[in-house]
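Kindly generate the complete structure, drawing on both the sequences and the hints.
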Amino acid sequence: MFVLYAFLISVGLTLIGFIFIKNFQLENYKIKRYIKNIVRFDFSFGDKNKLIFTKRVKRLILINFLLNFAYFLLFFGLIPYFWINFGLSIVLILFSPIVIVILFAVAKPMEELIKLHYLKKAKRKLQKLNCKKIAITGSFGKTSTKNILYQILAEEFDVCATPKSYNTPMGICKTILEDLKETDEFFIVEMGARHVGDIGFLAKYVGVDFGIMTPIGNCHLETFGSIENIEKTKYELCENTKDVVIFNGKSKSTKKLYKKYPQKKYLVCEEGSFAYAKDAVSNSDGTEFVMMLDGKQFLCQTKLLGKANIDNIVVATAMAYLLGESLYNIQNAIKHIQPTPHRLELIKGQFVDVIDDSYNSNFEGFKQALEVLASFEGKKIVVSPGIVELGKQQEKVNYDIGKEIAKVADIFVIMNQTNKKALNDGAKEGGLSEIYYANTRSEQKEILKKILQKGDVVLFENDLPDNLK
53 MFVLYAFLIS VGLTLIGFIF IKNFQLENYK IKRYIKNIVR FDFSFGDKNK LIFTKRVKRL
113 ILINFLLNFA YFLLFFGLIP YFWINFGLSI VLILFSPIVI VILFAVAKPM EELIKLHYLK
173 KAKRKLQKLN CKKIAITGSF GKTSTKNILY QILAEEFDVC ATPKSYNTPM GICKTILEDL
233 KETDEFFIVE MGARHVGDIG FLAKYVGVDF GIMTPIGNCH LETFGSIENI EKTKYELCEN
293 TKDVVIFNGK SKSTKKLYKK YPQKKYLVCE EGSFAYAKDA VSNSDGTEFV MMLDGKQFLC
353 QTKLLGKANI DNIVVATAMA YLLGESLYNI QNAIKHIQPT PHRLELIKGQ FVDVIDDSYN
413 SNFEGFKQAL EVLASFEGKK IVVSPGIVEL GKQQEKVNYD IGKEIAKVAD IFVIMNQTNK
473 KALNDGAKEG GLSEIYYANT RSEQKEILKK ILQKGDVVLF ENDLPDNLK
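Under this note's numbering, the first residue of the sequence shown carries the number 53, and numbering increases by one thereafter.
The hints are simulated quantities; they were obtained by calculation from the structure and are not laboratory data. Don't take each hint at face value.
[To be verified] Pairs of lysine-lysine, DSBU-like flavour, derived with a Cα cap of 30 Å:
| no. | residue 1 | residue 2 |
| --- | --- | --- |
| 1 | Lys175 | Lys256 |
| 2 | Lys160 | Lys177 |
| 3 | Lys173 | Lys110 |
Encoded structure:
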């Protein structure tokens with residue numbers, strides 16, 4: 053009988069452990085940040101982010117269950133007293149958050165060996181193929197530029213690209229092993245970073261033929277420490293590219309790296325540069341503009357909204373042109389480009405229109421989203437928690453965002469507590485009086501139900517994970 057008790061309690065404890073594993077996962081398995089949560093007993097129980105059952109997580113859950121089962125099997129067998137065993141169960145529940153860290157640390161050498169195995173396997177496959185590798189990095193616009201370039205090149209070539217926002221070593225590795233085919237002529241890889249050296253590792257691993265540098269800003273300033281470190285990390289792509297690098301000239305840092313880079317390069321998105329857009333006219337149906345490319349010009353139509361997306365199209369067009377794609381196919385592809393989900397994605401409804409820009413945010417991107425919102429008719433509503441991971445600059449940036457929102461919006465719904473005061477103070481300073489607050493999506497929905505009227509347009513800008521309150 054005690055075997056059954058041990059099994060049932062172990063299952064229960066393992067299920068409770070899901071909460072702590074989810075929080076550990078939300079902190080990207082950073083032990084110091086997770087331990088701070090343990091000390092404060094600050095855990096996220098929201099349903100916005102689900103536990104992602106990766107193979108690593110499944111192994112951690114299995115080890116946790118086996119440890120619990122062995123523990124109770126031993127004590128139920130040696131100590132046949134219910135209340136003592138009940139007390140031991142309570143103790144183990146209280147120590148569950150720490151047990152997860154210990155198990156993670158114990159399993160880490162094994163996880164690193166598994167990771168190394170897959171990385172080597174993917175690299176061997178990549179080296180056997182003849183596809184050209186195109187790498188994209190920068191602070192923002194990476195995923196949108198990648199998706200646009202994929203759609204343009206796919207008009208004429210066989211192309212593989214890392215899906216969604218896969219931009220880590222294992223995400224790229226997974227794409228190589230599962231999606232990259234022998235017939236693919238181009239492999240487009242998005243490369244993300246949080247620390248100096250990250251891009252260098254990825255670029256050397258992939259063996260980059262062509263590089264794209266999107267605008268650089270203060271994203272992940274909390275982990276990088278300075279804009280100089282961000283620039284240094286992004287420049288690692290240039291140092292490891294064999295052929296040519298295209299620079300989106302819409303940020304000072306990117307232009308700085310363009311001037312620094314001594315090899316074959318092209319600057320785009322600036323008037324008079326190799327490629328840029330002019331005479332753009334936007335409405336709720338999309339954008340029409342003139343593309344200037346290598347001394348040629350042609351009219352383009354796209355469903356995409358916002359200046360940033362037009363610049364992303366310019367960058368992708370320049371790369372496709374250099375890779376040999378015909379202008380006819382490029383122009384046709386631009387007309388049919390589908391928006392990247394949650395990145396200035398327009399969702400038209402019978403009652404209200406929604407601009408979904410909820411994937412992530414930065415100051416310039418936020419301002420451009422507000423410009424798109426301003427082009428719509430009707431009452432304008434912004435729903436946002438502001439921007440995070442800005443270190444010491446976070447309060448000031450969000451205060452400034454609040455003032456920008458006040459210039460465009462009629463109503464502002466502030467999500468979460470993280471930037472509430474700064475956003476509120478900035479919006480009120482800008483003259484906006486109708487401001488609401490919501491800590492959960494349920495509260496947000498109730499507020500919107502009360503205030504929405506037919507013909508309104510709602511901008512959802514950024515969306516914080518459960519671990520940011």
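Status of the hints after comparison with the structure:
1. Lys175 with Lys256: Holds. Lys175 to Lys256 sits at ~11 Å (cutoff 30 Å).
2. Lys160 with Lys177: It holds: about 26 Å lies between the C-alpha atoms, which stays within 30 Å.
3. Lys173 with Lys110: 22 Å, holds
In the structure shown, no violation is registered for any of the earlier numbered hints.
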